[in-house]
Amino acid sequence: MFSTFRLSHLLACLALAAPLMASANPILDGYKAETKGTFSAAAGEKIYHTVGPKQLACASCHTDSPKNVGKHAKTNKTIDPMAPSVNAKRFTDAANVEKWFKRNCNDALGRACTTQEKGDFMTYVLSVK
Amino acid sequence: MKLIKPLLLVALTSLSLAACARYNGEDRGKPMLPNQVNAKWQAECSGCHMAYPPGLLPAASWKKVMSGLDKHFGTDASLSAADTAEITNFLVQNPSNRWSSTAAPLRTTEGEWFRVKHGEISAAVFARASIKSKSNCIACHSGAASGNFDDRTIPK
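Listed in order, the protein sequences are those of chains W and B. For the first sequence, this note's numbering gives the first residue as 8, with consecutive numbering after it. For the second sequence, this note's numbering gives the first residue as 6, with consecutive numbering after it.
For the record, the hints were derived by calculation from the structure and aren't laboratory data. Yeah, the Cβ is synthetic: ideal placement off N, Cα and C, and Gly gets one too. Wrong hints could be hidden among the right ones.
As the list claims (entries may be wrong) - Each computed BS3-like pair below joins lysine-lysine, with the alpha-carbon atoms no more than 30 Å apart: (1) B:LYS69 with B:LYS137; (2) B:LYS35 with W:LYS109; (3) W:LYS109 with B:LYS45; (4) W:LYS109 with W:LYS78; (5) W:LYS109 with B:LYS139; (6) W:LYS61 with B:LYS122; (7) B:LYS76 with W:LYS78.
Said to hold, decoys possible - Listed next, with one range per pair, are the computed distances between beta-carbon atoms: (8) W:LYS96 with B:ARG157: 29 to 39 Å; (9) W:ASN103 with B:ALA134: 24 to 34 Å; (10) B:SER85 with W:LYS96: 17 to 27 Å.
Next comes chain W alone, as it looks inside the complex (with noise of 0.2 Å):
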């Protein structure tokens, strides 16, 4: 009798928990466990478009929208699209993610992004439907 009623318990604990299970991003919950504060999207969105010392943002490459197919600036290459909305692979690898974060806050800003910007940037990104 106890343990049916724990089971019926979890259970309905599960269910009450999964949809906010699956609109979250376990990366970003990282990043919010390291900056113990809140993200927001507006703050991310201005990461997107903001124009560094050599003259690139990341819409320079990724479109004005990271719903859209993007095009490398030197290269030409055709890059998919970045908003996990149109594109489920992306932010699924931490790993895949800090290599571009890396990378991309380098050429872009000039210098390393900080947590709460990887937070913010990619909240703007997840909240593109």
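Take the given structure of chain W and dock chain B to it, following the hints.
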């Protein structure tokens, strides 16, 4: 006479070697790509551009390229230490097998074979929006990514 013979031999050998080494010894390899390619090389290099076949340059060039990925032709292309080592290894194991010069350019387009082969093509052609630069092999050589640079299939 005893001394002259070996000297003559050396002179003749170096002459014939010089005649054999095309493009001043700056010649791309044949084949350009080994049968088995490294998956990391394929995935990482093609993240931004065509993965250039290792046979385009000598091993010394690849070592230089791979040791400066954080400043890769004006872009930060840095990789983890493990991935850098694995890709470097694949490149230096399969470099051009016809490169005898000590020149080790960073750019494929600086090799003498490249300059000779592309000498007839004007700067205006390379500047076309669909091409953009000499390093965009695939714009004209449709099979370049798989190591096929056959020039008979190039559209005018």
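Cross-check of the supplied hints:
no.	hint	in the structure
1	B:LYS69 with B:LYS137	holds (25 Å)
2	B:LYS35 with W:LYS109	violated (36 Å)
3	W:LYS109 with B:LYS45	holds (19 Å)
4	W:LYS109 with W:LYS78	holds (19 Å)
5	W:LYS109 with B:LYS139	holds (28 Å)
6	W:LYS61 with B:LYS122	violated (33 Å)
7	B:LYS76 with W:LYS78	holds (21 Å)
8	W:LYS96 with B:ARG157: 29 to 39 Å	holds (37 Å)
9	W:ASN103 with B:ALA134: 24 to 34 Å	holds (30 Å)
10	B:SER85 with W:LYS96: 17 to 27 Å	holds (19 Å)
Violation of the numbered hints given earlier is confined to hints 2 and 6; the remaining hints are satisfied by the structure.
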